[in-house]
Amino acid sequence: MRWKVSRWLTAVVVIAVVLAFIPTGNAQQKLKVGFIYVGPIGDYGWTNAHDVARRMVEQQLPVETLYVESVPEGKVEPFIDRLVGQGAKVIFTTSFGFMDGTVAAAQRYPNVVFAHASGFKRARNLATYMADFYQVYYLNGLMAGALTKTNKVGYVGAFPIPEVKRHLDAYALGVRYVNPQATINVRWLQDWFSPPKAKEATQALIADGVDVFAFTEDSPTVIQESAKKNLLSFAHYSPMYKFAPKQVVSGELVHWETIYLDFLRKVLAGKYTADNLQDVDYWWLLAEKAVEVGAEPGMMINPLFVSRLKSTTVKTVEFGTLSVYDLVQRRIAQMSKNPVVFDPFAGPIQDRKGVVRVPAGHTMTVGELTSMEWAAPGVTGPWPGEP
Amino acid sequence: MKQVGPFRLDTGEPSGAWTLVVSAAAILAAFVAAGGIFWAYGLNPIHAYAVIVHDTLLAPGAFPEIFRPTIPLLLAGVGLVLAFRAQFYNIGAEGQLLAGTVAATGVALFTPIRGPATLPAMFAAGFVAGALWGLLPSVLKLRLNVNEVITTLMMNYIALYFVSWLVTGPWKGPSVRGFAYTDQFPASAWLPLIPGTRIHWPTLVLGVVLAAAFAVLLARTRLGFAIRVQGENPEAARYVGIDALRTTLLVMLLSGGAAGLAGVGEVAGVHHKLLDPNQVSLGYGYTAIIVAWLARGKPLATLITATLFGLIYSSGDVMQVSLQMPFRVTSVFNGLILFFLIGSERLLAYRIRWAPAGAPASAPASAVAPSPPSGEDP
Amino acid sequence: MSWLIDVLIRGVAFGTPLLWGALGEIYAERAGIVNLGVEGMMILGAFFAFAVAQVSGHPVLGLAVAAVIGGSAALLHAFVSVTLRANQFVSGLALSMLGLGLAGLLGRGWEGSPLRTPLPELSVLPPLGALLAIVLWILLYHTRWGIILRTTGESPAAADAMGVNVSLVRYLAVIFGGMLAGVAGGFLSVAYRPSWTEGMTGGIGWIVVALAIFASWDPLRAVGAALLFGTLFHLSFRLQAWIPPEPLQMMPFAFTILVLAVTARWGARKWQAPEALGLPYLRGER
Chain E
1 MRWKVSRWLT AVVVIAVVLA FIPTGNAQQK LKVGFIYVGP IGDYGWTNAH
51 DVARRMVEQQ LPVETLYVES VPEGKVEPFI DRLVGQGAKV IFTTSFGFMD
101 GTVAAAQRYP NVVFAHASGF KRARNLATYM ADFYQVYYLN GLMAGALTKT
151 NKVGYVGAFP IPEVKRHLDA YALGVRYVNP QATINVRWLQ DWFSPPKAKE
201 ATQALIADGV DVFAFTEDSP TVIQESAKKN LLSFAHYSPM YKFAPKQVVS
251 GELVHWETIY LDFLRKVLAG KYTADNLQDV DYWWLLAEKA VEVGAEPGMM
301 INPLFVSRLK STTVKTVEFG TLSVYDLVQR RIAQMSKNPV VFDPFAGPIQ
351 DRKGVVRVPA GHTMTVGELT SMEWAAPGVT GPWPGEP
Chain S
1 MKQVGPFRLD TGEPSGAWTL VVSAAAILAA FVAAGGIFWA YGLNPIHAYA
51 VIVHDTLLAP GAFPEIFRPT IPLLLAGVGL VLAFRAQFYN IGAEGQLLAG
101 TVAATGVALF TPIRGPATLP AMFAAGFVAG ALWGLLPSVL KLRLNVNEVI
151 TTLMMNYIAL YFVSWLVTGP WKGPSVRGFA YTDQFPASAW LPLIPGTRIH
201 WPTLVLGVVL AAAFAVLLAR TRLGFAIRVQ GENPEAARYV GIDALRTTLL
251 VMLLSGGAAG LAGVGEVAGV HHKLLDPNQV SLGYGYTAII VAWLARGKPL
301 ATLITATLFG LIYSSGDVMQ VSLQMPFRVT SVFNGLILFF LIGSERLLAY
351 RIRWAPAGAP ASAPASAVAP SPPSGEDP
Chain X
1 MSWLIDVLIR GVAFGTPLLW GALGEIYAER AGIVNLGVEG MMILGAFFAF
51 AVAQVSGHPV LGLAVAAVIG GSAALLHAFV SVTLRANQFV SGLALSMLGL
101 GLAGLLGRGW EGSPLRTPLP ELSVLPPLGA LLAIVLWILL YHTRWGIILR
151 TTGESPAAAD AMGVNVSLVR YLAVIFGGML AGVAGGFLSV AYRPSWTEGM
201 TGGIGWIVVA LAIFASWDPL RAVGAALLFG TLFHLSFRLQ AWIPPEPLQM
251 MPFAFTILVL AVTARWGARK WQAPEALGLP YLRGER
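So the protein sequences, as listed, match chains E, S and X.
Quick note on this note's numbering: the first sequence kicks off at 1 and runs consecutively.
Quick note on this note's numbering: the second sequence kicks off at 1 and runs consecutively.
Quick note on this note's numbering: the third sequence kicks off at 1 and runs consecutively.
Note that these hints are calculated values from the structure, not bench results.
These numbers come from a predicted model, not from an experiment.
Where a beta carbon is used, it is the ideal one built from N, C-alpha and C, also for glycine.
There may be inaccurate statements among the hints.
Stated by the list, open to error - DEER-style ranges, computed between Cβ atoms:
1) S:S188 x E:G87: 14 to 22 Å
2) S:L28 x E:G298: 51 to 59 Å
3) E:W283 x S:P186: 30 to 38 Å
Claimed, not checked - If you want a taste of the chain S side facing chain X, the calculated C-beta under 8 Å gives, among others:
4) L140
5) V146
6) I150
7) T151
8) M154
9) I158
10) Y161
11) F162
12) S188
13) H272
14) V329
15) F339
16) G343
17) R346
Work out the full structure, taking the sequences as your base and the hints as a guide.
Given below as structure tokens:
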């Protein structure tokens with residue numbers, strides 16, 4: 001007797017149908033908030049920082065969170081569908097590449113609140129938000145300019161896109177403010193996360209004579225690698241002090257939770273609805289405490305480097321001659337005011353080709369910052385898409 | 001022949017139905033094994049599967065999502081089936097797919113072709129580009145006997161960096177604020193969707209047609225005969241005067257072209273622009289290798305295997321969203337399913353019959369290949 | 001001159017995991033079994049080496065455990081492809097998925113801290129790898145074991161006739177390959193970049209598979225191939241000061257094809273793949 005295919009198939013179908021009707025959902029009263037991440041939580045960079053914030057939100061507010069990690073750009077819409085299907089009423093999409101998908105989904109789900117990180121398109125139910133580092137990179141640049149002995153500081157960049165170029169330029173402006181002879185040597189990875197690439201790029205910069213490092217890559221590779229040669233570095237995104245306690249000077253730390261908590265509190269209070277987000281744009285910086293200067297939370301400057309920064313002086317128009325350490329403190333104070341008293345991208349600024357990019361008396365707008373492409377003076381190395 | 005209790009085991013070419021039954025059983029077994037993962041993760045496996053079945057098949061809008069990854073897998077997969085039949089181990093579908101995306105983007109953004117001619121022109125250009133991308137490895141293989149596995153793999157990386165260079169450099173769109181994208185395609189370069197879904201149906205139709213066409217080609221044409229003979233016995237192929245060079249070249253052109261079409265579908269049907277290569281394809285060119293192997297040399301079987309992978313991908317998405325599991329769970333799940341599927345291959349060599357002891361050995365119902373010498377004791 | 005030495009040192013550093021992985025893959029393939037699961041075995045090795053080294057404080061112990069884990073993962077591939085005679089390519093790909101998945105799941109929470117006791121990058125494994133390559137080359141070409149291994153890969157029926165247990169040889173070769181892949185992964189997490197991050201092998205496993213072929217299944221050539229690839233990879237960042245990044249990053253891959261094409265022009269017959277590579281062996285079948 002031959003095994004009957006139909007009998008097997010029937011059995012499979014019956015099991016499937018039975019499974020399908022077992023009740024699955026359990027009624028929840030809490031507001032459901034969905035997060036769509038571009039990378040894995042385990043990256044110890046961008047996505048990790050968002051997830052740390054998500055967990056803080058879940059602890060501090062009466063909401064239930066859902067997340068999806070490593071979502072490719074082309075799949076953001078289907079994942080939004082699924083999150084909405086799970087009952088999510090607020091959805092955060094955390095990568096620039098999710099912009100068009102989020103806009104389309106916001107149209108399809110007019111009653112769901114959306115917020116998209118780092119983009120520029122808004123709608124009545126779609127806000128934008130960003131915790132940006134350019135001020136912090138500028139401050140790190142001031143320190144790097146004082147600490148370099150070879151007058152060469154390095155930057156390992158992920159992709160040559162405006163966000164990274166903005167940070168790199170801010171860093172370069174800081175370096176050159178303190179040390180006009182210094183160059184900022186650049187290497188590109190074409191990857192947000194690649195320890196081998198970050199490592200060999202660091203080595204290439206070491207061979208150039210670079211002795212202070214900053215970077216945009218989602219791992220502590222650059223720090224670990226430069227520390228082997230006792231070269232200095234600035235932590236990026238996550239607390240990386242412990243990866244090289246003797247070499248990490250300071251760094252850029254993010255607190256996405258400040259934005260998430262503020263936004264969700266307003267949603268819970270009924271202040272933000274799916275009807276009034278057209279002009280809601282969080283561009284949060286030092287003043288809002290969305291970002292922090294530091295090697296790890298609470299440690300603005302590694303104590304090992306304080307005396308060197310205090311003994312290096314710089315002449316300024318505003319404050320006369322003062323130590324770099326004091327300059328950093330003054331600048332932080334200025335940028336912690338709301339509105340800020342100082343902005344690194346206040347004109348006049350020329351690019352490295354000598355073209356005036358920010359005229360005197362003008363400070364770059366958010367729109368200009370998020371689309372900037374030029375390279376600051378002192379930057380050496382390739383610059384894809386240089387205008 | 002072998003007697004196990006009241007069953008008799010015969011060996012022979014597996015029937016389609018038997019293949020389906022064994023494969024379904026293998027997948028079920030994999031589900032049971034994967035249930036262990038759910039359990040270890042603190043989820044009731046029965047509940048987990050109930051959620052998966054519901055949210056992949058029955059939840060609103062979920063079912064059509066299965067077919068979105070199916071489309072590129074089907075196109076790239078049928079091409080690979082052809083190449084594998086000719087014993088050409090094309091690992092390069094990913095690169096050929098990317099070549100297709102580049103050509104399609106070029107037509108959509110940088111030629112004056114507009115209106116109803118745009119999409120056909122994009123598909124034609126994508127096919128040609130995919131075919132050409134596969135050309136170098138096949139020429140190297142034929143002329144210099146350079147191993148195609150490595151050259152096709154290397155060509156993938158070259159395509160990847162080429163696309164990356166295009167979108168960060170010369171093709172970066174003036175309207176994208178400096179980000180690494182081309183401009184969006186004009187509307188005439190967007191593939192139509194089945195209403196209410198995200199299925200770009202022209203590409204799906206193309207895939208089905210191609211699967212059928214390749215099946216006919218293999219079974220009914222001189223080229224198909226040449227491919228089969230060369231694949232099964234290159235010596236014999238030479239003996240009967242088959243031009244290995246011509247056969248392999250044609251196969252690679254078709255194989256690469258099919259992958260190129262898959263690329264056109266992705267940019268014209270999903271992204272509507274060219275972007276970072278890792279975002280364009282999601283490794284479809286590599287998964288298509290598995291799709292093709294599981295199809296066991298039959299172009300039409302890729303219809304089933306590509307859909308199976310669509311289903312697997314979809315279940316993976318559900319595990320992440322509905323069950324809130326990390327995305328790596330899907331790799332474990334997919335790996336297990338694959339192991340069980342191919343592990344069951346051996347079962348396929350047997351047909352099980354009811355033959356209680358004492359009963360006369362019944363003759364096989366259908367003509368099967370003679371069993372090999374019984375030197376083997378499992 | 002010092003520039004050249006510097007670049008070569010980087011080539012050795014990045015070439016080391018490539019070499020260890022490739023040596024293992026060469027032995028497996030010499031026995032006739034393709035294992036595309038290198039990426040999966042490497043990442044498992046990377047995770048376990050890190051975890052063990054972090055807890056115990058002994059990176060070498062971590063590497064040893066990575067070898068055992070890599071070998072165990074390979075055992076699965078051996079069972080499926082030798083005993084079940086299933087498709088080796090799919091089995092290997094499945095192993096890669098399984099390895100990446102398991103390492104990703106197990107590794108949760110281990111990211112974000114450096115290894116307390118890292119192994120100096122150039123200390124143990126690079127010289128040992130070169131030595132291993134020489135030993136494996138001698139074993140392969142100048143001992144009876146080598147004849148057995150090669151015959152198993154070229155013609156399992158002939159090996160069978162010689163009285164060789166084909167399955168056993170294949171099992172051992174695949175497991176050995178997995179152990180080396182595990183060590184290669186361990187090198188990444190305890191020496192090359194002493195910390196754990198999800199997905200940290202970043203595709204090196206696939207390069208390893210390509211290198212085994214590139215080296216035409218010869219352990220000594222694998223040394224040159226790994227060094228060449230490591231050097232090119234480093235150079236693609238070194239030369240960025242003068243040349244834009246993307247063409248440079250294409251370079252190692254384009255160069256590999258070029259070298260293959262050029263050497264194939266004058267290549268000898270023995271450069272070919274093992275005759276029975278990828279084919280399951282069934283006694284009595286020809």
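Here is how each hint holds up against the structure:
| no. | hint | result |
| --- | --- | --- |
| 1 | S:S188 x E:G87: 14 to 22 Å | violated (39 Å) |
| 2 | S:L28 x E:G298: 51 to 59 Å | holds (54 Å) |
| 3 | E:W283 x S:P186: 30 to 38 Å | holds (32 Å) |
| 4 | L140 | holds (6 Å) |
| 5 | V146 | holds (5 Å) |
| 6 | I150 | holds (4 Å) |
| 7 | T151 | holds (5 Å) |
| 8 | M154 | holds (4 Å) |
| 9 | I158 | holds (5 Å) |
| 10 | Y161 | holds (4 Å) |
| 11 | F162 | holds (7 Å) |
| 12 | S188 | violated (30 Å) |
| 13 | H272 | violated (23 Å) |
| 14 | V329 | holds (7 Å) |
| 15 | F339 | holds (5 Å) |
| 16 | G343 | holds (5 Å) |
| 17 | R346 | holds (5 Å) |
Of the numbered hints stated above, those contradicted by the structure are hints 1, 12, 13, listed in ascending order.
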